[in-house]
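Q: Spelled out, the chains give:
There are 4 protein chains.
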Amino acid sequence: MSKIRSIIDRMREGQDIGLDRNIHNNRQRTINPDGSFNIKKVTGKIIGNVNPYHWIITISWTKYWIVILSFYIGMNISFATFYYFIGIEQLSGLIGDTIFVQWLNCFFFSVQCFTTVGFGGIHPIGVSANFVAAFESFAGLMTFAISTGSLYGRFSRPISRIKYSENILIAPYKEGTGMQFIVASELSSALMEMEATVNVSWNDTNDKGLPIRKFQQVKLEIDKIAMFPMSWVINHPIDEESVLYNRSIEEIKAIRLEVFILLKGFDDVFSQIIYNRHEFVAEDFVWGAKFSKPFYVDESGKIILDLSKVGAYEFVQMSK
Amino acid sequence: MSKIRSIIDRMREGQDIGLDRNIHNNRQRTINPDGSFNIKKVTGKIIGNVNPYHWIITISWTKYWIVILSFYIGMNISFATFYYFIGIEQLSGLIGDTIFVQWLNCFFFSVQCFTTVGFGGIHPIGVSANFVAAFESFAGLMTFAISTGSLYGRFSRPISRIKYSENILIAPYKEGTGMQFIVASELSSALMEMEATVNVSWNDTNDKGLPIRKFQQVKLEIDKIAMFPMSWVINHPIDEESVLYNRSIEEIKAIRLEVFILLKGFDDVFSQIIYNRHEFVAEDFVWGAKFSKPFYVDESGKIILDLSKVGAYEFVQMSK
Amino acid sequence: MSKIRSIIDRMREGQDIGLDRNIHNNRQRTINPDGSFNIKKVTGKIIGNVNPYHWIITISWTKYWIVILSFYIGMNISFATFYYFIGIEQLSGLIGDTIFVQWLNCFFFSVQCFTTVGFGGIHPIGVSANFVAAFESFAGLMTFAISTGSLYGRFSRPISRIKYSENILIAPYKEGTGMQFIVASELSSALMEMEATVNVSWNDTNDKGLPIRKFQQVKLEIDKIAMFPMSWVINHPIDEESVLYNRSIEEIKAIRLEVFILLKGFDDVFSQIIYNRHEFVAEDFVWGAKFSKPFYVDESGKIILDLSKVGAYEFVQMSK
Amino acid sequence: MSKIRSIIDRMREGQDIGLDRNIHNNRQRTINPDGSFNIKKVTGKIIGNVNPYHWIITISWTKYWIVILSFYIGMNISFATFYYFIGIEQLSGLIGDTIFVQWLNCFFFSVQCFTTVGFGGIHPIGVSANFVAAFESFAGLMTFAISTGSLYGRFSRPISRIKYSENILIAPYKEGTGMQFIVASELSSALMEMEATVNVSWNDTNDKGLPIRKFQQVKLEIDKIAMFPMSWVINHPIDEESVLYNRSIEEIKAIRLEVFILLKGFDDVFSQIIYNRHEFVAEDFVWGAKFSKPFYVDESGKIILDLSKVGAYEFVQMSK
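Protein chains in written order, with my numbering: chain P, 515 to 834; chain X, 515 to 834; chain Z, 515 to 834; chain H, 515 to 834.
Hints may be right or wrong, so weigh each one.
No copy is singled out in the list; a pair is fine if it fits within one copy or between any two copies.
[What the hints assert, rightly or not] Below are the DSS-like pairs computed for lysine-lysine, each with C-alpha atoms no more than 25 angstroms apart in a straight line:
#1 Lys577 - Lys728
#2 Lys816 - Lys733
#3 Lys554 - Lys804
#4 Lys807 - Lys728
#5 Lys733 - Lys577
#6 Lys807 - Lys722
#7 Lys577 - Lys688
#8 Lys677 - Lys738
#9 Lys767 - Lys816
#10 Lys807 - Lys577
#11 Lys722 - Lys823
#12 Lys767 - Lys807
#13 Lys767 - Lys738
Rather than coming from a laboratory, the hints here were simulated on the basis of the structure.
Kindly produce the complete structure, drawing on both the sequences and the hints.
A: Following this line, the structure appears as structure tokens:
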């Protein structure tokens, strides 16, 4: 048993693990295909569980640009209106026949101040306008610290583009069988010191005979590799302790077996630890097959890893 | 016994642990509710133990803005005075009938230089003013590096918004009892590889019969979980080795039992290890209760964690 | 056996390790001299495995400047053309007799807007040009966030300049022999808590007598040191378990022995974990020699490490 | 024996550890009082072992500002000369009767372009000057990325301000004695999960009777604490295995005993692992004393740690 006692171990002790032990036939998968948890948190407070940095880093790019541009435009509308009410005679060079054009020029002046572009075609001459401009250029610099920082933060955020096989195989292993899936890093850089933790859950009954969902962390043949330049077949040797022991593919589906994977490694481009989560469901199981090698050596002697072949498998003869 | 020997273990050896072993009836709590230590450090030197970065990152937002704005205004007042004494004839476009208005325009010019907005309505023409302006725009860029950097540093600083139950329960566990509290992450993202270390301290007597405060790191049923998407009931099974063994709630209060918690995990939005500290005091104990589940599955099959229910408990029958 | 089970361990179990087990006589080395992997990843998709941040951080400096400058020029050409079609009468101060000079001035205005330098010699007066300029200065700030961020990211990226001996020695060790190489940090700062993992691979036959490439993680006398201020002779004591046991230099070459090294440490200037990979091939082996000390104490009592002496060795008498 | 095998362990095996095993009577201390290593690295190449980022982050503040300002001035001198030779008629608004004043105005224009302040009092009108200005504003932005980035990098670089006692004591411990020193964090924030590794070295003879310097990692009563809010007395219980066993203070000086300390912890303001090194020499030893408590509880019940008292000790009666 690995030293890392998981969510699954806890279940065996009969304790509350935070995951629901009741069986819901319509329950959705716990981990989304993108690795995020399919769990919603609610709270009495309206914005109770939102950290601004978490939020700005994790929203979609579309939402991100809407937020940043709205803020940029909103700020300038506010300052423009402010300048307008101070009086356009305090902005030298400002022209415009109608109120709207005058306000619009205030807006353009505001933009030039906020971004510190400061053409000077329009520039403040009155004391009030000058004070507001002094504050606006300060506010602009501080605001863009958040805008540009969060943009670069999103750009440089460590990610782990791991390709998983679509299927999880029951393959021959030594005298018995093993549960196997294959992973490969899609990024050109290598990950270091990859660790895998694999848990399974299934429908069972508790000691009072009531239906319950059980959890188990499964043993892996290898749970850590020093480097991860290519692909890695993660193999759970199925022995007597494994819930998969002597299970047919029909039984696996009947007990709604799920496999939860946590990969951890170090990306030496990002210089950061990265994590990757994945979930296989019972429908992903294939019995009596093994993965093909996704790599080959070309005529120059260079090793080629074909990512499109990661997950390809072939059926093999297997007793039982 | 966990491999992490703590502050508490040390006490058992009879050694100095840095925490006071004398009993003070009016002693304040050691860990504030926000997780900081309620300990003051003094030194002969005036600013002996202040690191500028530590300070600017940890002061309140109010203080932060006062500091940044004061510095911004102070720098510009200094440069304005400098320009004024160089002579306003070196600043083309500067107008003003009175000394104050002239100085004020020097201030506005300084701002436009310091922020690099540079409208040009006022611009330097003399050699001295030009040199000062050259230095000021350089100083402005370097100063804003600290201002904008610290702003983004504060914004993006890893935090661990962990919700703890208000109470700590003596709950039934197997044939005996356990000391239990519940935690949940308030942030929408999941924490990985959470570890918990729990220590208790209480009033006791040393081998000479003198009153002394003792410490103990308590065993946990589970001290590490692979993922922390939901809630976690941290449970200390009370056995003969535990100071809580056979203690009634009145005894717990009489010996002024305190519980110190250290949580550690990895936040994969911040890509950083985060720590969280918490302290329960004797008054927080509830005897003979267990926590309700703070989550449920909604009609669509999605798991919902209600943060406002984290810490809710119900009384249960318990022998003794 | 170290707790870190490596790529090599896996082979012993007879499993797929991601590295090719077939013997290719023309196979290139796996790890390039600069520490990168000599492995190519292909995918059906055109830009399938490129992460923009990974790419911009790891391309060569020449490529980097071409990309950044091209983008800078390209953006300004686009905006210049845009301003030109809006109409040059909306840009006050713009002069030019020919279309090309007019467009060129649009380009210069665009640059002044994009970089927020904003001289104002040319400045927008029309509504359309003002809107485009407002957007361009925003785009400029956001674009330079990526440009300057990636420049500083490249500049401050943790690196590990480790000097390896050119040769790997079979040296006397206690009653037998050891496989030894020497490493030193080329940087003036010290690395902390250095860990070494060493694996070897060689041509062998599997249990069916077919030629196969085998892997083994070798035992090290010391695999972790607390500080790394000077040089470190990493020594594999050759015992019966080692594939090198009783091998002559000719046999080492015949089985095409390769040595893979992974070093890990903490650089406290970068405040980051750093990794370093290296590969020795059979031709690098020298039999019956030991490394000279690359350091000495000068007349003032200071220790001097001469990096040019790291890897120097002298032949010694060795039985067998 | 701690799992971390150190520099000292290696010596016991009789291997090269990178530190010199010969005895030099005039040898300087290995670790400077500021924690850096007193070791010089030389190389055949002129700038062989300098990484620019390492260098800019670790040089003194005085050197740093000289470098940054020199670069700023040098760049502007270069561009000024460039503009001057292009022809001052391409810079509208440039005035000056003498060549020097004309060049000086080119310099001021260059500054306004390089910092993107762009007043516009002087602005480029010719094509050549415009192209140079377009390049200079780009260069300015990229250059300031390094300047401001390195300034903030220096400002926010994790540091570990640990106060060590001036002396290291032989104090009573249980039935025997212990080697003790006391440390405290000078920063107001707490460090987490502090680990200590302590090694000693001394003059001895090898198995051939030749003088040699030996190393030993000593056992600590406690080598890890969960939190470090106050002070920590690090205690090495002197048993038969310790080189200090039954040594008088005269013997300690005669064998030139040295103590090397490596502390490691996590600073949750910097969100970084920090290391701290220290060396005690034989002259720092005091026999028969113990440290006073450097903290007290004030009238309000708050714990006060007096950093000026860290290291204060009192003599105690000790047998032998």
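Q: Could you work out which of the previously given hints the structure breaks and list their numbers from low to high?
A: 1, 2, 5, 7, 10, 11, 12 and 13
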